[in-house]
Amino acid sequence: MAESKKSKHDRIERLEKDVNQLEPLAGSDPGAKKEIRRIRREITELRREMLDGPTAWQRTLLARHPQRPYMLDYVRLLFEGFSEIHGDRSFGDDAAIVCGMARFRGRAVMVVGHQKGRDTRENLTRNWGMPKPEGYRKALRAMKLAAKFHRPVITFVDTMGAYPGIDAEERGQAEAIARNLREMARLPVPIIVNITGEGGSGGALAIAVGDRVHMLENSIYSVISPEGCASILWRDASQADRAAEAMKITAADLYELGVIDEIVPEPPGGAHENPEETARELGRVIEHGLDEVTKLKAEELVERRYQKFRRMGHFFAG
Amino acid sequence: MSTWFQRERKAIETPPEEERRVRTEGLWVKCDGCRATIWKKDLEQNNQVCPKCEHHFRLSAPKRLELLFDEGGWVEHDSELASSDPLGFVDTRPYTQRLRDAQEKLGMSDAILTVEGRLNGRSIVCCSMEFAFIGGSMGAVVGEKVTRAMELAAEKKIPLVIVSCSGGARMMEGVISLMQLAKVSAAAARLDECGVPFISVLTDPTTGGVTASYALLGDLNIAEPGALIGFAGPRVIEQTIRQKLPKGFQRAEFLIEHGFLDAIVHRRELKSYIANALDFFLS
Ligand SMILES: [Zn+2]
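Which chain is which? The protein sequence lines are A and B, in order. All residue numbers for the first sequence refer to this note's numbering, where the first residue is 97 and numbers rise by one. All residue numbers for the second sequence refer to this note's numbering, where the first residue is 784 and numbers rise by one.
Worth flagging that the hints you see were computed from the coordinates, not collected in a lab. Among these hints, one or two may not hold up.
Unchecked claim - Not everything, but these chain A residues come out facing chain B in the computed CB check (under 7 angstroms): (1) GLU265; (2) GLY268; (3) GLN269; (4) ALA270; (5) ILE273; (6) ARG282; (7) LEU301; (8) ALA342; (9) VAL355; (10) GLY409; (11) GLY414.
Note that the structure is predicted; figures quoted are calculated from it, not measured. Note that beta-carbon positions come from the ideal geometry of N, C-alpha and C, so glycine has one too.
Model the full assembly from the supplied sequences, consistent with the hints where possible.
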């Protein structure tokens, strides 16, 4: 008899617990690392059986769905007393990234996220959620402010990528991203990252270095868009579905690769079918994540974060 | 006069890539800077800098080390690290085959060399990138080697010099290559905290994920003249904004004008520049 969904679900939970316990202890022990990879593969397999879901390309389209909940929707559904913080204190205020003070289930937290527009007019203001350097610098300013007053940071990631334009290059897009990566690595407060839509390359990562990285089931996270990859490697952008498959950009793939910590289930049909339910699920993992990492002392937290990213990479060591 | 000029212009149009490659395999090279035809030997003796217009041609990773290190050479680290093709990636060709071709052609396991040796008598750790190896792209091996180089410099308290030459992250390793940006930047944070100098040298081209991580995180970020440096590649920008890019856009001179480089240093001065900077930091 086939295993029930419930029992599969329970097995996944047990295995996830094992991984979470093993991972910080594994260090560079090859046996332990192998075991972790084996468990992750098993979890991914179980999930596949449970979901038997959309292809990578179909998920890409869901991640980009015009009705998909955006950062400010989650802010409305999950936080209280949100108060936006504007500007990078140096050039301007980039509306493609929103930062603000808020309360999450009683805790004072800093929220940082990409924000796409709902219509053309709003998208012109928000630049389709593609930040310029001042956006990343504003985000870093907000995160440092949080660190100064010992407040955790919660980020929402949803961007096609950092804006590729003349002005963005003139003002140091690469420098802004690099600086965020370096400073987030040593920020002495918890950082909880939630990839809710498109995790587009460096432009996403620049607010995605955290202690817990969660990913909505139909989100994607990749080094280049499927279209970009297809047009370079296949010399044909219409091969995007093949590129999406080959690059392993889905939440299940990333979990298996050890890049994310948890997959957040979406309602049938995708997050846009029921934003409230999606937010509830997301709220649950955010709270759980915060509970886990707020216990740690700042040095432990930063050391753990360092080791988390230090481990990323698969290669032959001779 | 004008017809002669036009004919001349036509005659010096850039040949297609294949033709150019054939030509450079001969004894003569055409300079991209001044269009002059240069005797290859002259170019080699001048460290791949055009003797007529000072255009900096690309330098291979080992040649770069020869330029920087004292007589007596260097010791290589982590040469055994090689890509495991973490995604099992296949596009029009399997990634493993692309890797094998590059390894055989260049005698390197991946797009970077990490070495330790002396520069004007001072011990340094140095990473030198090889553009001919899949566009100098950063996958897990490059990320790991740069991270280890940073950790080594921090542990031994000796300066780090990284010479970048890269198109960015390696697509065939997908999100694993993206994570290398976070990994190396975290290592850069630690190096920054232990008072060990890190000089980043950006050469033509340094774009994408390498620029958006370690290449712009040096205590000093310096570049060779004319080097293309940016986050997005010029073609992507042109497609996005549907405009021609201004002349000199994303070149080293453009970056210094906008405040993102400490200096532009001619290849002939590179070694002495680094030696002086390290003297300033450490003596
Ligand atoms: Zn010349």
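Hints, one by one, checked against the model:
| no. | hint | verdict |
| --- | --- | --- |
| 1 | GLU265 | holds, 5 angstroms |
| 2 | GLY268 | holds, 5 angstroms |
| 3 | GLN269 | holds, 4 angstroms |
| 4 | ALA270 | holds, 4 angstroms |
| 5 | ILE273 | holds, 4 angstroms |
| 6 | ARG282 | holds, 5 angstroms |
| 7 | LEU301 | holds, 6 angstroms |
| 8 | ALA342 | holds, 6 angstroms |
| 9 | VAL355 | holds, 6 angstroms |
| 10 | GLY409 | holds, 4 angstroms |
| 11 | GLY414 | holds, 3 angstroms |
In terms of the numbered hints stated before, the structure departs from none.
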